[in-house]
Amino acid sequence: MATLDGNDLGNVQTESQNKDSSLFNQPLPGSDSSTSILLDLFGVTRTINLDGIKSGTAAALNTFITAIEALIGGGQSGVTFVSSLSTFANKTVFVSSFNWDYVKGDPNKISYSLSLTEGAAVA
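Numbering (UniProt numbering), first residue to last: 1 to 123.
In silico lysine to aspartate or glutamate, EDC-like type, Cα no more than 16 angstroms apart, as pairs: (1) Lys-19 with Asp-40; (2) Lys-109 with Asp-51; (3) Lys-91 with Asp-5; (4) Lys-19 with Glu-118; (5) Lys-91 with Glu-15; (6) Lys-109 with Asp-8; (7) Lys-91 with Glu-118.
FRET-style restraints, in silico, Cβ to Cβ: (8) Pro-27 with Pro-107: 51 to 61 angstroms; (9) Gly-30 with Ser-113: 36 to 46 angstroms; (10) Val-82 with Ala-58: 19 to 29 angstroms; (11) Asn-7 with Leu-28: 48 to 58 angstroms; (12) Pro-27 with Thr-47: 20 to 30 angstroms; (13) Ser-33 with Thr-3: 37 to 47 angstroms; (14) Ser-97 with Pro-27: 25 to 35 angstroms; (15) Leu-38 with Asn-90: 31 to 41 angstroms; (16) Ser-113 with Phe-24: 29 to 39 angstroms; (17) Ser-33 with Ser-113: 32 to 42 angstroms; (18) Ala-67 with Leu-38: 40 to 50 angstroms; (19) Lys-19 with Val-122: 17 to 27 angstroms; (20) Ala-120 with Ser-33: 26 to 36 angstroms.
To be clear, the hints were calculated from the coordinates, so they are not data collected in a lab.
Positions of the beta carbon are idealized from the N, C-alpha and C atoms, including for glycine.
Produce the complete structure using the sequences and hints provided.
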């Protein structure tokens, strides 16, 4: 079962992750790519994107939406994400975005997309 800050994410249908080193890349004028200057100065970021379906009563869905939206309150300190699809351990993440829609023809389901960024809060 996938969770975000202890909130059950329901049926996670897709999970994609991108780990990016943000290399500094300086090509040299008039030269081939093999002579570009590459520096690994900026560290690494991981972005996790989820698409899922959450089912429940109108009240339960409202509680879920309110709980996830509350995580994007402007003063995030990081929450725990547990994946049901990948094998990595728990990750501390910040919620970058949360989008949701009612599933057409079924008022007891929402489809949602979450974008999470791994990291730690600066104290």
